[in-house]
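Here is how the chains run, residue by residue.
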Amino acid sequence: MVRSPPADSVGLVTQHKAVFEEPLPLDCGRELPRYELVYEAYGELNRERNNAILVCHALSGNHHAAGYHSEHDRKPGWWETCIGPGKPLDTNRFYVVCSNNLGGCHGSTGPASINPETGKPYGDRFPVVTVRDWVRSQARLADQLGIEQWAAVAGGSLGGMQALQWAIDFPQRLRHAIVIAAAPRLSAQNIGFNEVARQAIMSDPEFHGGRYYDYGVSPRRGLAVARMLGHITYLSDDAMRAKFGRDLRGDMSFDFEEVDFEVESYLRYQGQRFVQDFDANTYLLMTKALDYFDPAAEYDDDFAAAVAQIQCSTLLLSFSSDWRFAPSRSREILRALLEKEKPVSYMEIEATQGHDAFLMPIQRYLEAFSAYMDNVGREVGA
Amino acid sequence: MNPLRRELEIVADWIEPGSRVLDLGCGDGTLLQYLVERKGVTAYGLEIDPRKVTRCMDRGVNVVRADLDEGLSDFHRDSFDHVIMSQTVQAVRYPDKLLEDMLRVGAHGIVTFPNLGYWRLRMQLLLKGRMPRSPALPNAWYNSPNIHLCTVRDFERLCATMGVQILERRLLDRAHRSTPFTNLAPNLLGEVAIYRFVRGGQAL
Chain V
-11 MVRSPPADSV GLVTQHKAVF EEPLPLDCGR ELPRYELVYE AYGELNRERN
39 NAILVCHALS GNHHAAGYHS EHDRKPGWWE TCIGPGKPLD TNRFYVVCSN
89 NLGGCHGSTG PASINPETGK PYGDRFPVVT VRDWVRSQAR LADQLGIEQW
139 AAVAGGSLGG MQALQWAIDF PQRLRHAIVI AAAPRLSAQN IGFNEVARQA
189 IMSDPEFHGG RYYDYGVSPR RGLAVARMLG HITYLSDDAM RAKFGRDLRG
239 DMSFDFEEVD FEVESYLRYQ GQRFVQDFDA NTYLLMTKAL DYFDPAAEYD
289 DDFAAAVAQI QCSTLLLSFS SDWRFAPSRS REILRALLEK EKPVSYMEIE
339 ATQGHDAFLM PIQRYLEAFS AYMDNVGREV GA
Chain Z
-16 MNPLRRELEI VADWIEPGSR VLDLGCGDGT LLQYLVERKG VTAYGLEIDP
34 RKVTRCMDRG VNVVRADLDE GLSDFHRDSF DHVIMSQTVQ AVRYPDKLLE
84 DMLRVGAHGI VTFPNLGYWR LRMQLLLKGR MPRSPALPNA WYNSPNIHLC
134 TVRDFERLCA TMGVQILERR LLDRAHRSTP FTNLAPNLLG EVAIYRFVRG
184 GQAL
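As given, the protein sequences belong to chains V and Z, one line each in that order. No gaps in the numbering here: position 37 of the first sequence is 25 in our numbering, and each next residue is one more. No gaps in the numbering here: position 108 of the second sequence is 91 in our numbering, and each next residue is one more.
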């Protein structure tokens, strides 16, 4: 419960819906006849319409990036640490937009939406969307909002990949790409984790081939397991050791159903909480989009060739204990941009929190991000 | 624009407009910003201290947080026209390897360092028998980042050994002037040494 939001929060926010009646061609060869994107926006779009920042969300995120939906909300939006008055994405200067990705489960057209062809939820018939498809759909949102060029497109993890894809696909339409804790493509290990998560969902007896909406059920157990697995990859070994160690809840139960260790309790809780408002089909789609993300693929696996057409400046940030998308992965992006003599800055930040660090209030991180955005603000006169 | 130290002005004079520049140990980005604004160069700085990296970001210059002791493996051969190392060579673990790497990634190298052969420093060691300190070398021996101090003669000998060809040398005295007098006995009268060099056997 929040009686009055802190002064550096955007406060109470409402969501908007953008409707697109023109069919959207997709990488898979199919198209969506029409689609909707829900989004939130914080701050004011200036008269020159040049102070807009697009924030892209990661695997389990959504359009609620900052502030509170009601005074009863326990928690603010997912990037509250970075969006708000005086924060890196300073809403006193910038107009910050965040939309729920296509295929999402928080209001944008997704697998649970009604398929106009059948009058029933899409389910397994929802097309597999890619990062490029998302970027294409977001560009139409920019059109609708009258934003010719973003001052910056920013995101962490899968969100950072979208920022990178924006820079590649729409070089004229952004001045800066902020790519945090990302990678130029997934490793075999990354894909392996995603596949285990998908198998957990698909082998749940309540999955019903993805058409579980028709049965009034959902593969909650499978999705919870997928989330538990994902959660481990978001934390560092050190962070888990510090947080839980081998602490027991009570005496050892010698029983599989019981929770013995604190870490088990935590993961089960995370899994249970996650399934309350996340759709399993969306999880499948998001992980697949991650797996398929590979700008170099069209350029004979030469990532530097893929970034050759980039015109914006890029900020790359990574975190020392992130093993999901380790600093070495950000350096791959860095090397490609340097090879093509693109404006780029890079900083690895010491952090113990692992991949999740990009969501955390880490002083060095916020200082660097703020310093960079200050300069972006000066550039556009915001 | 902050007033540039005299040595940075000399360095800046050597950079032709529009060239590609890499600054090793770029600090808060003063030189980089100057070069970008006055000379329209394409420039990147490398810096290990996160606070200084942040300052560079605030200035809007390209900066990469990097440890020079790990070399310049992020950069391809001949990526730059000039690779600058200002007041940094004495603080790296492998000065010789870094010099080599500088001339791998760039055509010209520019190095500035505090000359340990400067007479006031020699006098401190001779008369007091203690490690010299000065405005340019403010730290005590145990907490100094300067682990590889050298003299003008040392540096030139290293260049000769490595086949590095020195194109130009400037010495500044305590008042940051470069006088003919200083050049009479550079290793004694110069407090700051500034060099421009290329790979040996290379056409100027």
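These aren't lab readings, by the way, just hints derived from the structure by calculation. Heads up, a few of these hints could be off.
[Unchecked claim] FRET-style restraints, in silico, Cβ to Cβ: (1) Z:P128 <-> V:T2: 52 to 58 Å; (2) Z:R76 <-> V:E59: 54 to 60 Å; (3) V:G197 <-> Z:D50: 38 to 44 Å; (4) Z:D50 <-> V:P73: 34 to 40 Å; (5) V:R366 <-> Z:R76: 44 to 50 Å; (6) Z:K22 <-> V:P73: 34 to 40 Å; (7) Z:D50 <-> V:R256: 48 to 54 Å; (8) Z:D52 <-> V:E10: 54 to 60 Å; (9) Z:D52 <-> V:R352: 43 to 49 Å; (10) V:A176 <-> Z:H59: 39 to 45 Å; (11) V:N80 <-> Z:S117: 55 to 61 Å; (12) Z:D50 <-> V:R366: 37 to 43 Å; (13) V:R366 <-> Z:E(-1): 26 to 32 Å.
Source: prediction; values computed, not measured. Virtual Cβ for every residue (Gly too), placed ideally from N, Cα, C.
Hints, one by one, checked against the model:
One distance hint, 52 to 58 Å for the beta-carbon pair P128 of chain Z and T2 of chain V, holds here, with the actual separation near 53 Å. Checked against the given bound of 54 to 60 Å, the beta carbons of R76 of chain Z and E59 of chain V, roughly 57 Å apart, stay inside it. Between G197 of chain V and D50 of chain Z the beta carbons are some 52 Å apart, a value that contradicts the proposed interval 38 to 44 Å. Our hint of 34 to 40 Å for D50 of chain Z and P73 of chain V holds, since their Cβ atoms are close to 36 Å apart.
Taking 44 to 50 Å as the suggested C-beta distance range, the pair R366 of chain V and R76 of chain Z does not conform, at roughly 37 Å. At about 38 Å, the beta-carbon gap between K22 of chain Z and P73 of chain V stays in the expected band of 34 to 40 Å. Distance hint for D50 of chain Z and R256 of chain V: a CB-CB separation of about 41 Å, inconsistent with the stated range 48 to 54 Å. Look at D52 of chain Z against E10 of chain V: about 55 Å separates their beta carbons, and that is inside 54 to 60 Å.
At about 21 Å, the beta-carbon gap between D52 of chain Z and R352 of chain V misses the expected band of 43 to 49 Å. For A176 of chain V paired with H59 of chain Z, a C-beta distance near 27 Å fails the hint of 39 to 45 Å. For N80 of chain V and S117 of chain Z, the hinted distance range of 55 to 61 Å is not satisfied, since their beta carbons lie about 46 Å from each other. In this structure, D50 of chain Z and R366 of chain V break the distance hint of 37 to 43 Å, their C-beta atoms being roughly 30 Å apart.
Against the hinted window of 26 to 32 Å, the Cβ-Cβ separation of R366 of chain V and E(-1) of chain Z comes to about 28 Å, which satisfies the hint.
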